[in-house]
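Enquirer: For the record, the sequence lines run as chains G and X. When we follow my numbering, the leftmost residue of the first sequence carries the number 2, and every step to the right adds one. When we follow my numbering, the leftmost residue of the second sequence carries the number 19, and every step to the right adds one.
Just so you know, not all the hints are guaranteed correct.
To be verified - Computed footprint of chain X on chain G, listed as stretches where at least three residues anywhere in the stretch have a Cβ under 8 Å from a Cβ of chain X: (1) 21-27; (2) 68-78; (3) 84-93; (4) 139-145; (5) 157-168; (6) 179-189.
Claimed, not checked - Some chain G residues judged to face chain X by a derived CB distance under 7 Å, without partners named: (7) Q151; (8) Q241; (9) D244; (10) V248; (11) N251.
Claimed, not checked - Computed footprint of chain X on chain G, listed as stretches where at least three residues anywhere in the stretch have a Cβ under 8 Å from a Cβ of chain X: (12) 44-54; (13) 216-223.
Everything labelled a hint here was simulated from the structure, so no lab data went into it. C-beta: ideal position from N, C-alpha, C; glycine also.
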Amino acid sequence: MATYTPRQERHPNTLRREHREWLLFALFIGPNLFLFAVFTYWPLLYNIYLSMVRWDFLRPTMTFVGLQNYIDAFSDWRFWNIIWQTATFTICSVGLTLILGLLLALLLNQPLRYRNTARAIVFSPVVMSGAVVAVVWSYIFDPRYGLIDQLLGFIGLDSPNWLADPFWAMPAVIIVYVWKNLGYAVVIYLAGLQNIPRELYDAARVDGAGAWERFWNVTLPGLSPVAFFLSVTSVLTCFQAFDIIRVLTNGGPADATTTLIFHLYELGFVSYDAGKAGVVAIVLFLIMLFLTIVQIRYIERQVTYG
Amino acid sequence: MATINELEQAIKPVVVRRRHIPLSLLGWRIAGYLTLIVAVLIIGLPVYWTVMASFKETREIYSLPVTWWPAKPTFNNFSAAWEAAPFGRYYLNSFITTFFGAGIEVILALFSAYALAYLRFPRKDLVFLLLLAALMVPTEITIVPNYLTIARLGWINTYQGIIIPGAAIAYGTFLLRQAFMAVPHEILEAARVDGAGHLRILFSVVAPITQPAIVTMALLSIVSKWNEFLWPLIVTNTTDMRTLPIGVFWLRNSEGLANWGVVMAGSLFLIVPVLITFLFAQRAIVEGMTAGAVKG
Numbered sequence: 002m003a004t005y006t007p008r009q010e011r012h013p014n015t016l017r018r019e020h021r022e023w024l025l026f027a028l029f030i031g032p033n034l035f036l037f038a039v040f041t042y043w044p045l046l047y048n049i050y051l052s053m054v055r056w057d058f059l060r061p062t063m064t065f066v067g068l069q070n071y072i073d074a075f076s077d078w079r080f081w082n083i084i085w086q087t088a089t090f091t092i093c094s095v096g097l098t099l100i101l102g103l104l105l106a107l108l109l110n111q112p113l114r115y116r117n118t119a120r121a122i123v124f125s126p127v128v129m130s131g132a133v134v135a136v137v138w139s140y141i142f143d144p145r146y147g148l149i150d151q152l153l154g155f156i157g158l159d160s161p162n163w164l165a166d167p168f169w170a171m172p173a174v175i176i177v178y179v180w181k182n183l184g185y186a187v188v189i190y191l192a193g194l195q196n197i198p199r200e201l202y203d204a205a206r207v208d209g210a211g212a213w214e215r216f217w218n219v220t221l222p223g224l225s226p227v228a229f230f231l232s233v234t235s236v237l238t239c240f241q242a243f244d245i246i247r248v249l250t251n252g253g254p255a256d257a258t259t260t261l262i263f264h265l266y267e268l269g270f271v272s273y274d275a276g277k278a279g280v281v282a283i284v285l286f287l288i289m290l291f292l293t294i295v296q297i298r299y300i301e302r303q304v305t306y307g
Numbered sequence: 019m020a021t022i023n024e025l026e027q028a029i030k031p032v033v034v035r036r037r038h039i040p041l042s043l044l045g046w047r048i049a050g051y052l053t054l055i056v057a058v059l060i061i062g063l064p065v066y067w068t069v070m071a072s073f074k075e076t077r078e079i080y081s082l083p084v085t086w087w088p089a090k091p092t093f094n095n096f097s098a099a100w101e102a103a104p105f106g107r108y109y110l111n112s113f114i115t116t117f118f119g120a121g122i123e124v125i126l127a128l129f130s131a132y133a134l135a136y137l138r139f140p141r142k143d144l145v146f147l148l149l150l151a152a153l154m155v156p157t158e159i160t161i162v163p164n165y166l167t168i169a170r171l172g173w174i175n176t177y178q179g180i181i182i183p184g185a186a187i188a189y190g191t192f193l194l195r196q197a198f199m200a201v202p203h204e205i206l207e208a209a210r211v212d213g214a215g216h217l218r219i220l221f222s223v224v225a226p227i228t229q230p231a232i233v234t235m236a237l238l239s240i241v242s243k244w245n246e247f248l249w250p251l252i253v254t255n256t257t258d259m260r261t262l263p264i265g266v267f268w269l270r271n272s273e274g275l276a277n278w279g280v281v282m283a284g285s286l287f288l289i290v291p292v293l294i295t296f297l298f299a300q301r302a303i304v305e306g307m308t309a310g311a312v313k314g
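This is chain G alone, in the form it adopts within the complex (with noise of 0.2 Å):
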């Protein structure tokens, strides 16, 4: 049987002490907690409300449609191109970020001279501007004065009219995209590799196991929750991936580079259409949220059982 212990009678001053320990923490939060109500959590129920209606952003009166917008946009082929092509995007430039990540970040972990300097100039990329970035790509994918002719130039090759030309211009949305971002996934991999204990290095050896093996059953292993991270991660920035396509391609030629987000100002700030956008946005913030949640379950399940 449980024993009953009578409440504490609280001194009154430890009360008030108390109390005015709340009103400071509500005091010290407030501030940051009211912008975040008022410019994240008020829009994203608005978008939900704006995702009904019909509105110009000029009217006086929006007119509310129910689902009509959502029903539009997804039986719209256009809209069902760029989901389309924000997956292509998506996979192509998280994928070549994850693989050269890795393979620079396994060179840049060995004891070779100016590691460190390479290190730096590999990651300064990321601190850059990205319109600004994409400003100086736009010449470098300048099809007659531009580097890149320059250099395929050597072998022998003419360059694409990259930014003009409706095949060429999401590689090349991609390639600038992975030369910013790389740097990112280099220094969270290096961070991931000194993480793995030495001794697993020691008994492999022991083990007889040679370099091929010991990256194969050792390293590669060891890295896959930082691999998972970064996957995560670099998608949700896919995602919100605006500045380079913007200055880059502005969407085009011909819709060819129009991702989610990108559509998500087109239909805002372009042609004005706020129920639309509404949608957009609201079929954007769900497929980042789904995979936020299954980063958080994936880090759970290895607090646990890892």
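Since the structure of chain G is already known, use the hints to place chain X on it.
Expert: Relative to chain G, chain X alone:
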């Protein structure tokens, strides 16, 4: 070489393994350096190309074959860029929005992290969750409603219109909270016994101890505000309110194709300050960006 081998043998006498012959080791080393050079070239060449073009004469940029070094280095592109667009004004706008944008973030993060780390509150876990959930809402999907809010406030094309919607901070709050939690209890206890209030404890005890974390967080904020593109693009509508990234973008739109040297010079106006910051604060920036991954 021999001494290192001997040393290894001495440390791990039990391990018996075949030794690589030095020649193949040398081969690997050379291959490693070659790959490293190629990788660094791929990453570095575009920046090199930009710098070179900004010092070339227009005639040289548009003549074939392309040159790898300016024949007659000139500063003309820089002065031409400065005249083609109001870069002085862009700098001012970028400084103001970066300084206040990052400043507000740092202050909000300091107070929020202190509250989360040290102050009592019923259902503090819910407040924590509310902040955490904000990380899951990407700012990009809020642009239309936020534009409407800012328009209703009459803040379109103003500094507060650029700064305020992005001023709340979740990631930095968690970074600082982590650092605050690591401050030894005895130090806080001693300050409390001395009669220091929470503000005093925050600014003269906790902040000095956790200064590296605060600097890291501030640098991340500064870099992201300096580079911000989508929101300032939407919320400004006159030349004199544009920040540097928007300014360089419009410079490319007006001068690109016909005048790459000027556009590249304009790009450097924006890139160089960031690269200098990165040069001096590389470790702090990299650590801040990777903090979530390794511990998460």
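Enquirer: Confirm or reject each hint.
Expert: A quick look at each hint next to the structure:
no.	hint	result
1	21-27	holds (count 5)
2	68-78	violated (count 0)
3	84-93	violated (count 0)
4	139-145	holds (count 5)
5	157-168	violated (count 0)
6	179-189	holds (count 6)
7	Q151	holds (5 Å)
8	Q241	holds (5 Å)
9	D244	holds (4 Å)
10	V248	holds (6 Å)
11	N251	violated (10 Å)
12	44-54	holds (count 5)
13	216-223	violated (count 0)
In summary, the numbered hints that this structure violates are 2, 3, 5, 11 and 13.
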